[in-house]
Every structure is written in structure tokens, then in C-alpha cells.
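**Student:** Single-letter residue listing:
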Amino acid sequence: MLHILQTALSLGCIYSLVALALFLSYRILDIADLTTDGCFVLGMAVSVSFAAKGHPILGLFLAVLAGGCAGFVTAFLQTRLGVPSILAGIITNTGLYTVNLMAMGWSSNVSLIKQETIFTMFRNTGIGGSWYAIVLGACVSFACMALMYWFLSTRIGLSIRATGDNRDMVSASSINPMFTITVGLTLANCFTALSGAIAGQLQKSADINAGTGIVVIGLATLIIGETVLNGRKNIARNILACLVGNIIYRLIYAIVLQTRIIPIEGLKLMTALIVALAIAMPTIRENIELQSRVMRETQ
Amino acid sequence: MLELIDISKVFNPGTVNEKVALKGLSLTVNDGDFITVVGSNGAGKSTLFNAIAGVFLADRGKIMLDGRNITFEPDYKRSHYIGRLFQDPLKGTAPHMTIEENLALAYLRADTSTKPFSRISRKEKELFREQLRQLDMGLEDRMNTPVGTLSGGQRQALTLLMATVVPPRILLLDEHTAALDPQAAEKIMNLTREIVKRNNTTCLMVTHNLHQAVSVGNRTLMMANGGIVLDLTGEKRKDLTIEDLMRMFREQAGKEFDNDRILLSD
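Residue numbers (the numbering used here), protein chains in the order written: chain Y, 105 to 403; chain C, 12 to 277.
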């Protein structure tokens, strides 16, 4: 039981970076960035491949860099070449499949057996005892959240927030919206790739299909967190919601896995339903209100 | 000095929706001019402003500012020296960001070399508070309020401040008081006069209020069918009454359109 809790907490911390990335692209910039799935695997592939060669830390940095490049490609397609934003993400994502295979030496999975990872290195320092994975995951997660909070209060961060809020006003403030979108998507994908990179080293393997549905899971966790923390009110809460939502999601996942209330294969469907419902909620509520008013006033 | 030389713009060329919005328009705006622009719907007033602000590229013609050709400069670069207000108070501000954050963005126009990773300094906060106090709306005590919660008048006042916190070379006002209630409209108009006078800003203002058209500023333009049909300054304008303007407007409108509803509604 304790082990399940530990796994849920550590995974929650690590995957919260995906939610953080989607917070930046989906909530702040108002762009559904479908690069996420492929970018997650890209980070994983780069990090595990380098760990397999004995460079786990260098692997993390290069994974972040690779993720940033993927985000830049998506941003370039939509800002400079006029590709619609959703399609831009899908195109990059499709291309990344090949890139990811390449990064794993043209094999569909890479495993680490005895090689060092950042987790084994951290365990050897003795900090956190058997909770070492959670401690490390939480450190990374909080560092990234703090970085995001600071970033959004800088001038470039404010410009990015305004781009999603009122694009006309951004150009009127002498900021190029194409530039802010590019910076935002690049940074978001850095976070996604870092998440994949750390997840890969934790589970000691990278798989070409590991990213399937990550974008939907990320959105689900973001929305769960926002609902629990009532988080659309201010930036700090919204950022914290990424972590809280992830831990809740991972706990639900662990319970399902343990008790088999629903078959584990059904979890993706459940996640999809949660996201669809959560995003549809305002419209559903509006319709219900309208219908009940029609009923009331036409009697 | 702002010069527009033979500017033309056609929307949707070659389709059934083809619309000649500007037809070889030329205009010279002198420094310190405060020009009011009148004309019926579709006369090309907003298109003229969009061309000056760089929202789109004119099909033909040249735009010069102080002898520099700015025809091909994109809107975000021109916003360093051109400020703009729209009729819709929602257009000029970011609703989910606070008053302070909105002002900080507007203040970016001040300096091209502002460090991207710097945050709003205490000095700037004080400057913003001071500026807000001049609006006399109590906004200086609500710097951390999201702009979306302000009234239309307050938002337009804030937009005016944002457009002028770094005094622009040219200020474009596109019916910026038309969507406000009479009291708020008067307040915004007085603020506009004050700010323009203080900075001696060169200013163009579209209005459907003929009283404003003859009483505000030093020059009146009438537009019809994508061109300037009347340009009044000095003595000629001094003697101009609303009735005169309305008569001229009707003549022009009668030539081109059958619609002077807008004019009479004010």
C-alpha cells in the first residue's frame, strides 16, 4: 500500500510538468498544443539513450533542448508559415515519431539495466531514505513551478499572457505576437520533454508509444487541479493546481490498478471522458439553464 | 509630419464582396494637428486608421512619418510611435490581467532595450499609481484588480492612459467615446483633450458627433467613398456650424449614398 502511495506521489510530481506545459500553452496562450505526445517521448528517448551511455544528467539537459526544438518547429509552422495551430502540432507530432525512433537508435524501446540514472545517483546520497524518488520528483516539480511563476511575472511573461488574453492589445504594445507565441510554445515543450526525460529514468526505460494520450491526461490533471483548488483565480493557484491535479489523478490511477474497479485498459477512456466533460461543462450548464428557463416560462 | 501619398486599398478583390475602401487618398498631417474625421458608414474612416496603424498593407501608395518611409513596417513596430483607441473598450486591454500588468505592457513601448526578464519595479508602480491618479477614478487603489471587472468607461480611460503613458507621435482615436454612456463619454473626451494638449500630441479622431467634429481640435476632414471630400482649417473652420457641416455632409452623402441615418442619430 505504501509503495502504491509512493509511486503515485512520485509520478504525480514528474507528470505535473506536462500539466505545467499545458497550462502555459492551453490556458495562457489559448493554443491546444498537440506536439505534447511526441515531445514527451522525445524527452524520454533522449534522456534514456544518454543514460544508457552513462550520461544521465547530460541526457536531461539535451532532452529539454530537444523538446524546445520540437516546440519551436510547431510555433514556426503556425506563426511564420500560416499552418493552423492544431494542425501544426499534429504535423510536428507525426514527424517526431521518426525522430524519436532515431533517438533510440532505431529501436522501439530502450531499457536501462545497471546504468546510473538521476534517481540511483540521488538514492546514493541517502537523502529521503526510501522516499528518495518522491523527494527528487518534488524538488524538480517545485523548481519548475517556481520558475514558471517567476517567468510569468517578467515582461516577456506578461507579454505572453496578454497574447492569449487580447492579441490586438499585444501588437498595440509594440510586442510581436508571433514572437510571444514562439517563446511560449518552445518553453512549454521544454517542460513536457523534461517530464518525459525524468519519467524515463524513473522507470528505466523508454518506449516509442509511451506518449500516447499524454496531452489528454495532462489536460485532465490540469482541470482536476483547477477544480479542486478553485484555481482559475490567480496564477500561483493555477500553477499549484498542476501538481495537485496530478497527484489526485495518479492516486485514482493507483486505486483502479489495485482494485480493478474498472479494467486498467479502460482508464484512457475514463480520462477522455473527464476531459471532454470538464471542457464541455460551461456549455452543458448553459444549455440546462436555458432549457429550465424555457420550461418555466412557457408553462 | 505624417504624409499619406496616394493610398489605395481594395478588400476581397475580384469577388462579389469586392470593396474599394480607400481610393488614392492623400493626406498631410502637420505636427500638433488635432483632426476630427467625419463620414458615413463605409466612407473609409476606419480603413484609413488601419492603414496608418499598419494593421494591413495598402495595395498602393506610401506612408511617410517625419520623412521616413514606414509603408512596410508591421503594426507592432509602428505601435512604438502610434497609439490607438477603438470604439470597443474591450479591445485595448487584457481582461484577465491586472491594471498594473496592463500598464506595464503599455510601458514596454517606452524602450526597445527593456530587458525581457525584468519585472515591474517599485519605481514603475509608483509612476503608474501617479498616472492613474490623474484619471480621477480611484483606479490607483485598485492596481491589482483584473481589468475585466472595470466598467466600460473605466476601461476606456485606462486604454487612453495606456496609449499615452509613453506619449505617442500620432494618436488615433476611432470613435473612442461612442460606446460609453454620456457622462463617461464626456469624462473620456475631457481627459483626451487634456492629455493631447499636455503632450502636444498629433491626433486624428473619428467621430459621429458633429458637435465634437467642429468644436474639438483644429481641423476637420470629411470622408466619402474612400476619399477625403472636405478639409477645413483655420478661418473657414472657425465659422463652421453644425448645420453647415450637416448640409455638406448631406450633399456628399446624397451623391454617393442614400444613407445619412448615422449622422442624424447624434
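Keep in mind the hints are simulated off the structure, nothing from the lab.
The C-beta atom is built at its ideal place from N, Cα and C for all residues, glycine as well.
Among the hints, a few may not be true.
[Claimed, not checked] If you only want the chain Y side, here are some residues facing chain C, beta carbon under 10 Å, derived:
| # | residue |
| --- | --- |
| 1 | R259 |
| 2 | M273 |
| 3 | F283 |
| 4 | Y357 |
| 5 | K372 |
[Claimed, not checked] Heads up, simulated DMTMM-like pairs for lysine to aspartate or glutamate below, C-alpha to C-alpha not over 20 Å straight-line:
| # | chain 1 | residue 1 | chain 2 | residue 2 |
| --- | --- | --- | --- | --- |
| 6 | C | K102 | Y | D134 |
| 7 | Y | K308 | Y | E390 |
| 8 | C | K102 | Y | E220 |
| 9 | C | K88 | Y | E220 |
| 10 | Y | K337 | C | D242 |
**Student:** To test your reading of the hints: which numbers does this structure violate?
**Tutor:** 4, 5, 7, 8, 9, 10
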